[in-house]
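Turn these sequences into a full structure, and let the hints steer you where they fit.
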Amino acid sequence: MISLVIDIVLLLFLLIMAIFILRVHQLLAVAMLFGLYSLLVAGLFMVLDAPDVAFTEAAVGTGIATVLMLATIACTKVSQEKIQRKVAKTPLFICLVVGGLLMYGTHNIADLGDPEAPPHTQVAKRYIEDGQKDTGVPNLVTAVLASYRGFDTLGEVTVVFTAGIGVLLLLVRPQKIRIKGVKSAR
Amino acid sequence: MNLLLVAASLAIMTTMALALARALLGPTIFDRILAVNMFGTKAVLLVAVFAFVSGRPDVLDIALLYSLLNFVGVVAALRLVERGKDYADHKKPEINKDGSNP
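Keeping their order, the protein sequence lines are chains L and B. Each residue of the first sequence is one higher than the last, beginning at 1 in our numbering. Each residue of the second sequence is one higher than the last, beginning at 1001 in our numbering.
It is worth saying that the hints were derived from the structure and are not from the lab. Hints should not be assumed to be uniformly reliable.
Said to hold, decoys possible - A few chain B residues that face chain L, going by a derived Cβ cut-off under 7 Å, partial list only:
no., residue
1, L1003
2, L1018
3, L1020
4, L1024
5, I1029
6, V1036
7, F1052
8, G1073
All C-beta atoms, glycine included, are put in the ideal place defined by N, C-alpha and C.
Here it is in structure tokens:
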């Protein structure tokens, strides 16, 4: 009961905050409000009984992302957003369509913690009974992650690797590569 | 006992709403920073209370993480303000034609 109330209140806060983030043009305030937004989302994840996701969301969204955004603002000259009066129609349309599709997708989803949901009745049982035989991996979690969902994990690793390369390319300073023993001409 | 915890969480959410109002409306950047810090503290409290309401005290770890991160964010923002840029938004921003602040 109380978790329902907390859910509703947190979602209400999220809605209000999203609208105000759109209307505030002070970039520092926007960065801090984004941090709060992420904190609220993490709180919602926690109420939904997903503490690991809440941990990640809080660490990435509230911690790293806020500090990175603030550091970026510190590097720029202008601290104000350019105010645009016109509403961009195509992004709004895409947002509404994607939001509608997501809402449509929630219709068929199983209830939270429903023991009769297909993942609990069919897939998990098969993993536990046949996992050892199918994959030959003694640890069940490893078997699911690395064998049953191998392609999914491969995709995740690819994404993380690409992000790492991107960050490394961004961090490379535009200066001459110095070769050992050769004095650079400065 | 449970009723007490529920009442406490409702009171914390009321405080959160007030802090949120100050963070969104705040005339100066310092109001916003203080309100954001306060909101984060209340989120920590709410998580702690919720941990005991739902009977999962291991969720308290998340409350600890929140308080650490909240601190980091506020310190980063204050370091940025300390650099002396004009971040208070009660003044009208004077922006030159080339888009740079004077």
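Consistency of the hints with the structure:
| no. | hint | verdict |
| --- | --- | --- |
| 1 | L1003 | violated, 10 Å |
| 2 | L1018 | violated, 12 Å |
| 3 | L1020 | holds, 6 Å |
| 4 | L1024 | holds, 4 Å |
| 5 | I1029 | holds, 6 Å |
| 6 | V1036 | holds, 5 Å |
| 7 | F1052 | violated, 11 Å |
| 8 | G1073 | holds, 5 Å |
Checked against the numbered hints above, the structure violates hints 1, 2, 7; every other hint is satisfied.
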